[in-house]
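Chain residues, written in single-letter form:
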Amino acid sequence: MDLSAIDPMLLLASLMAASTPVLLAAIGELVVEKSGVLNLGVEGMMITGAICGFAIAVESGSPMLGFLGAAVCGALLSMLFAWLTQYALANQVASGLALTMFGLGLSSLIGQGYQGIKPPATHDLNIPLISDIPVIGPILFQHDPLVYFSIALVAAVWAMLKFSRAGLILRSVGENHSAAHALGYKVVRIRVLAIMFGGACAGLGGAYLSLIQVPQWTEGMTAGAGWIALALVVFASWKPWRVILGAYLFGGISILQLNLQAVGVNIPVAYLAMAPYVVTIVVLVIISSDRKRVSLNAPASLGRVFHASH
Amino acid sequence: MTILLKLEGLTKAYPGVIANDDVSFEVKAGEIHALLGENGAGKSTLVKMIYGLVRPDKGKMTFNGEVFQPAEPRAARASGVAMVFQHFSLFDALSVAENISLGMENPPSRRELSARIREVSNDYKLPLDPNRIIGDLSVGERQRVEIIRCLLQNPKLLIMDEPTSVLTPQEVDVLFETLRKLASEGTSILYISHKLEEIRSLCDQATILRLGKVIDSCVPSEQTARKLAEMMVGQALITPTRKDQKTGDVVLKVSNLTVPSSNPFGTTLKNIALAVRSGEVLGIGGVAGNGQDELLLALSGETRVAQDEISVDGKPVGNLGPNERRKLGLLTAPEERLGHSAAPDMSLVENTMLTAAVRENLARNGFLRWNAAKDFAETIVKKFDVRTPSVNNAAKSLSGGNLQKFVIGREVLQNPRVLVINQPTWGVDASAAADIRQALMFLAEEGAAVVVVSQDLDELLEVSDQLAILNEGRLTSPVATASLNMDDIGLMMGGGAQTEMEAQHVSS
Chain A
1 MDLSAIDPML LLASLMAAST PVLLAAIGEL VVEKSGVLNL GVEGMMITGA
51 ICGFAIAVES GSPMLGFLGA AVCGALLSML FAWLTQYALA NQVASGLALT
101 MFGLGLSSLI GQGYQGIKPP ATHDLNIPLI SDIPVIGPIL FQHDPLVYFS
151 IALVAAVWAM LKFSRAGLIL RSVGENHSAA HALGYKVVRI RVLAIMFGGA
201 CAGLGGAYLS LIQVPQWTEG MTAGAGWIAL ALVVFASWKP WRVILGAYLF
251 GGISILQLNL QAVGVNIPVA YLAMAPYVVT IVVLVIISSD RKRVSLNAPA
301 SLGRVFHASH
Chain B
1 MTILLKLEGL TKAYPGVIAN DDVSFEVKAG EIHALLGENG AGKSTLVKMI
51 YGLVRPDKGK MTFNGEVFQP AEPRAARASG VAMVFQHFSL FDALSVAENI
101 SLGMENPPSR RELSARIREV SNDYKLPLDP NRIIGDLSVG ERQRVEIIRC
151 LLQNPKLLIM DEPTSVLTPQ EVDVLFETLR KLASEGTSIL YISHKLEEIR
201 SLCDQATILR LGKVIDSCVP SEQTARKLAE MMVGQALITP TRKDQKTGDV
251 VLKVSNLTVP SSNPFGTTLK NIALAVRSGE VLGIGGVAGN GQDELLLALS
301 GETRVAQDEI SVDGKPVGNL GPNERRKLGL LTAPEERLGH SAAPDMSLVE
351 NTMLTAAVRE NLARNGFLRW NAAKDFAETI VKKFDVRTPS VNNAAKSLSG
401 GNLQKFVIGR EVLQNPRVLV INQPTWGVDA SAAADIRQAL MFLAEEGAAV
451 VVVSQDLDEL LEVSDQLAIL NEGRLTSPVA TASLNMDDIG LMMGGGAQTE
501 MEAQHVSS
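So the sequences go chain by chain: A and B.
In terms of my numbering, the first sequence has 237 at position 237, counting the first letter as 1, and numbering is strictly consecutive.
In terms of my numbering, the second sequence has 145 at position 145, counting the first letter as 1, and numbering is strictly consecutive.
Hints should not be assumed to be uniformly reliable.
[To be verified] Here are the simulated BS3-like pairs of lysine-lysine, each with C-alpha atoms no more than 30 angstroms apart in a straight line: (1) A:186 x B:382; (2) B:270 x B:253; (3) A:186 x B:327; (4) B:6 x B:195; (5) B:195 x B:382; (6) A:186 x B:374; (7) B:195 x B:213; (8) A:186 x B:58; (9) B:213 x B:246; (10) B:227 x B:6; (11) B:6 x A:186.
[What the hints assert, rightly or not] Label pairs and their computed distance ranges (CB to CB): (12) A:105 x B:58: 24 to 30 angstroms; (13) A:163 x B:79: 53 to 59 angstroms; (14) A:162 x B:115: 19 to 25 angstroms; (15) A:91 x B:306: 34 to 40 angstroms; (16) A:223 x B:417: 34 to 40 angstroms; (17) A:258 x B:72: 51 to 57 angstroms; (18) B:368 x A:76: 44 to 50 angstroms; (19) B:366 x A:267: 37 to 43 angstroms; (20) A:258 x B:396: 41 to 47 angstroms; (21) B:115 x A:219: 56 to 62 angstroms; (22) B:119 x A:223: 55 to 61 angstroms.
[To be verified] Among chain A residues calculated to face chain B with C-beta under 8 angstroms, some are: (23) 168; (24) 169; (25) 172; (26) 176; (27) 179; (28) 300; (29) 302.
Hints listed in this document are in silico derivations from the structure and should not be mistaken for laboratory results.
Yeah, the Cβ is synthetic: ideal placement off N, Cα and C, and Gly gets one too.
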């Protein structure tokens with residue numbers, strides 16, 4: 001075993017890429033939950049996005065088209081959930097679990113012919129000058145566009161929720177749907193839009209896995225990333241910036257454990273493989289241990305079925 | 001005076017009920033118009049039609065001389081109709097300014113909005129800080145938020161649904177002053193309330209609804225409150241009475257009860273002490289949000305406390321759960337009827353089973369005796385005049401007043417040693433309220449100890465022997481009710497907050 005074989009710079013450089021799928025899925029789910037809907041189908045939408053994006057990129061030869069397609073497929077799948085919960089008034093937990101099952105099955109069906117193929121490569125953005133800065137350049141400024149897009153998306157969601165009227169209405173619907181309805185806001189329509197946004201983000205996250213991070217298609221390749229995204233939202237107490245923190249923590253430990261495996265640390269692989277999940281959850285539980293503050297941020301109507309009584 | 005709103009033949013039917021049947025009346029500009037009626041008389045449906053939440057099946061509305069058919073609240077607001085809801089339509093986790101902005105069509109920028117909130121709130125003597133979070137405000141302050149939200153839209157018609165049921169007497173005075181000022185400036189007010197004395201002192205005109213129809217109209221100040229109540233109910237009213245006042249040993253004793261609230265916006269109970277004797281009714285007053293919910297949870301056993309902080313007949317019960325306390329005769333009925341006192345989607349029989357299984361032997365060897373539960377449910381329905389097609393109907397299908405009668409009947413008929421009840425007649429009409437109060441008094445006559453938590457001071461004065469006030473989680477020592485009048489109680493209730501409000505009142 002030789003720990004010095006791990007290059008800390010490379011480790012940090014791959015951290016951002018490793019965190020991006022979870023980050024994308026989590027920021028989408030954050031918006032969904034802020035509108036008062038609990039969609040447990042993130043895993044299913046991610047894996048569907050992964051295979052749809054992969055297939056479209058392979059067929060068209062354009063990774064960007066692949067990402068676009070993944071977002072559309074994720075949103076389409078989430079509309080199934082939206083229909084079940086918002087129009088058929090089905091239980092959100094059960095519908096979300098069903099969506100995950102359905103997504104896993106659907107993705108392996110679509111993925112039949114795509115095993116072992118390499119997708120077209122997505123090129124890193126090489127910004128002249130700043131990406132050539134030693135140390136900081138490779139760590140921060142030599143990534144693919146999706147990494148920067150995910151960070152910009154978090155910033156946009158944060159600003160939207162905090163400063164815009166649309167964000168205020170979204171929060172109000174999640175906080176008290178009856179009051180929002182009484183004021184004349186279209187609760188169901190707003191929620192459906194939020195659910196579709198969440199689906200598109202999860203789809204993008206999945207496609208990032210299959211097109212950039214791995215990059216190939218294997219069945220069940222999300223391996224619980226969707227569930228981590230869900231946990232991140234809760235532990236980040238519904239704050240966008242904390243989602244980044246959690247996602248990067250998760251990504252960082254994932255990369256670290258892979259490197260440790262590579263240099264042959266004397267710990268059973270199973271423990272190393274579970275480390276990112278355990279550490280992320282433990283750290284976030286500690287961050288969010290102030291129960292009072294968390295329940296202050298939690299959308300009060302989260303998971304409740306809304307039915308206009310008149 | 002010109003006519004602002006004219007309703008002609010408004011009809012709205014729901015499956016099985018006609019909520020409004022050919023309702024016609026008119027509201028003049030600058031008039032405070034009362035809408036009176038029992039629960040289920042159709043008042044709420046009527047104002048929802050005016051506010052665009054419900055569409056009439058038939059009939060015509062004219063507003064300000066033009067045909068008025070608001071398709072949604074937005075349209076009604078644009079025409080100049082504003083509404084303060086019975087259950088506040090506020091968002092706890094958002095600030096005052098955010099809440100107000102949500103109720104406006106084209107809100108100005110945050111800074112400008114905050115300035116306007118301050119300006120209007122000073123004009124109408126309703127001081128309010130735009131940056132505070134709603135969850136931290138008292139009920140009276142929340143109502144101010146609702147009113148100011150309406151005022152910022154310069155409404156021509158302001159609809160108020162039961163605005164005073166949660167206010168202290170002094171807060172009511174401030175509210176009435178605001179409403180009179182508004183009316184003098186030409187705004188019409190449509191005012192729904194069960195409190196007839198208030199209507200007599202405030203309103204210029206009253207329309208009385210019964211079973212969806214307009215029964216009568218009158219000038220309230222020319223009628224007695226009793227006459228108004230009888231017009232609403234359509235029959236003579238009985239005043240609850242109580243024969244003897246014999247009290248026995250202390251049954252319920254609470255000492256040193258200190259409980260932190262589980263709700264981030266809740267109140268911590270501080271060092272509560274009380275003792276209730278057999279045959280005695282203790283009234284606990286105070287503005288909502290001063291620890292009533294927490295006290296109820298601690299007494300019912302939903303929140304466990306130290307063993308000897310609560311005792312029944314000398315037995316410490318603080319660490320016991322609700323069912324074990326029921327076994328010893330401590331029964332409770334919480335305020336929230338649907339979802340707390342009763343499971344909305346379960347039938348009355350099932351709801352009976354839920355709380356009465358222990359004391360009425362409705363479960364034997366782990367098996368449920370549905371026939372016995374059904375019999376008991378039918379007894380409740382009969383004795384408490386609960387109007388329902390059958391005991392197999394879901395709890396949520398009953399109107400608020402009927403469900404309240406059921407919930408209270410269910411506990412009263414279980415022959416409790418101690419009955420703790422929160423808001424026994426909240427949202428219940430005059431005749432049902434009288435029945436409920438009478439039942440509580442009978443219960444005390446039979447030797448039970450009764451604790452009534454309520455915000456309705458008239459009610460507390462009517463039913464209780466001793467009165468104590470909850471204020472910021474502290475309970476004042478009980479005072480014999482016979483020696484009190486309204487003003488004393490208002491002062492007991494208000495505490496520090498009241499003097500502060502009056503100070504602002506004077507300074508502005």
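* Of the hints given before, which are not true for this structure? -> Numbers 1, 3, 6, 9, 12, 13, 16, 19, 20, 29, in rising order.
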